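> Take a look at the letters that make up each chain.
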Amino acid sequence: MPVPVSGLGDMAEGGNNSGVLQVRLVTPERVLLDATADAVELPSMSGYLEALYGHAPLLAELGAGEVRLHGGSSADQKFFVAWGFVEVLPERVTILAETAMHPDEINLGKAEDLLKQAEKTYAEAGDNQAMYDEANTLMRQADEMIASAQGKSL
Amino acid sequence: MANVLDLRRRIRSVKNTRQITKAMKMVSAAKLRRAQERALQARPYAQMLSNVLESLVRRTDLYNEATGEIMHPLLVEREEKSVLLVVIAGDKGFAGGFNSNIGKAAQKFIDERVKLGQNVDLESVGKKAIGFYKKKYAAANYERTEEHYDNDLSTHFETIRHRAQQVEVTGEHTDFLVKTEFEAVSKLSHSIIERYERAEIDAVYLVYNEFKSVISQRIVVEKLLPIRKLGSHEITASEVLSDEQREAAAKAATSEGISVNEPEETQIEKEAKKFGTAEVDYIFDQAPERLFRHLMPRYVTTQIFHALLESVASEHAARMTATDAATKNAGDLIDSLSLTMNRVRQAAITKEIIEIVSGAAAL
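Chains A and B, in that order, give the protein sequences. Oh and the first sequence: position 115 is 115 in my numbering, straight run, nothing missing. Oh and the second sequence: position 1 is 1 in my numbering, straight run, nothing missing.
Since the hints were derived computationally from the structure, they do not count as laboratory data. All values derive from a computational prediction rather than experimental measurement. For every residue, glycine included, the Cβ atom is placed at its ideal position computed from N, Cα and C.
Covered stretches of chain B, going by a simulated chain A footprint (3 or more residues, C-beta under 8 Å):
#1 34-42
#2 285-297
Simulated restraints, written as ranges between beta carbons of each label pair:
#3 A:128 - B:76: 17 to 25 Å
#4 A:133 - B:26: 46 to 54 Å
#5 A:136 - B:163: 32 to 40 Å
#6 B:80 - A:151: 46 to 54 Å
#7 A:123 - B:158: 16 to 24 Å
#8 A:35 - B:115: 51 to 59 Å
The shape of chain A in the complex, shown without the other chains:
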């Protein structure tokens, strides 16, 4: 268990000193998860990162991938997120995700459709950089979705 950096643990109001993270996963529709965990893995845009208790304050954009919780009351749940945003505070992690679901809720057919659509966009992009970017994002999302559904996510 990481030792909280002195002072950081009490910084936010209502902060706890229990050494566990309060984790919330919020989607546009509702608050999907409100639990405690020892550690959270997050698919940031620049690669996976893991937050433990006492982490320095961080804001990061999330790409497509899996949010994984460990320990606490989280029961080691996993969630697939497509785009999101995370705020890490020493005793709290709040994830804003545009799409979030359990890996077993993923519709494989839909994911493959998405992949095809992305490939089509890519083929049609011509010299339009924005379309390439969009195609790449979609492709990554579809790949991650399929990997997550098959339990092969990195």
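Place chain B on chain A using the hints.
Chain B alone, transformed into the frame defined by chain A:
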């Protein structure tokens, strides 16, 4: 005077109507409860998103220091020559003045703009709005051009708008109201943003029913783009319920056990307000400018999503009130018909007695 049989038949028919409106009221109340719940659950996300944006605004330069240009296209203000109005109505009638009030507010906006010589595009949401504007205004005409340049194998696409009339309908949406999904709304907002960036439109307005509680609703015209101040609703016109309507709504709600007060803030909502605003130096995983660019379109989507959820809740509330009034009216009608029927019957009996008595007296 009608005979007893006719009256009895009419009473039976009104009773049936009352049964139906009563059932409709109960259905609307259940749907309202669910819609209210959904609108409530959607709040933390919207709050957090605008918080993050606000805190990013403090950390990024919105203006280019050298040229003074605004860094994000959605913040650029232009003279309003063409405006887009998103009209959010309902799918079904039987909701009192819900649809017609929205229509009135929208028409007022359109007329004002047309008088100023501006072009107005319409994006109609809900079957009632679609049907109304389809008859009234022409659909917009878009052309997608393909071009091939020499020495270049790829194809270049461009979308050109051919505007024929001052008021045109650019889009129709039916699937938002039954099941409001973020993904579908996202498509609409992307198309709006794209048109805004292309300068096809210079401002975007929403007209919808804002829902605070059953008795506190109003029709608002809200400016969506350009964004002037984050996290706030820029209302340009509004119309509140009359006291009479409010009373009727309150009565309908209490009979179904729905609270007329604004729901209280939950713990999560309170914490959502603090999201991204801790007085610390955050480490930014990506450059704040980049985050800002990615967040802006999502902010617009959230605003529309929010408006839709509120409108749906308002619609159910309006239908509940309307059907409650209909149930009450049916009851009154039954009472007055029963009174007439009893009178007619009594008159017939009296007449018969008189006949018998005078017959006996004649003997």
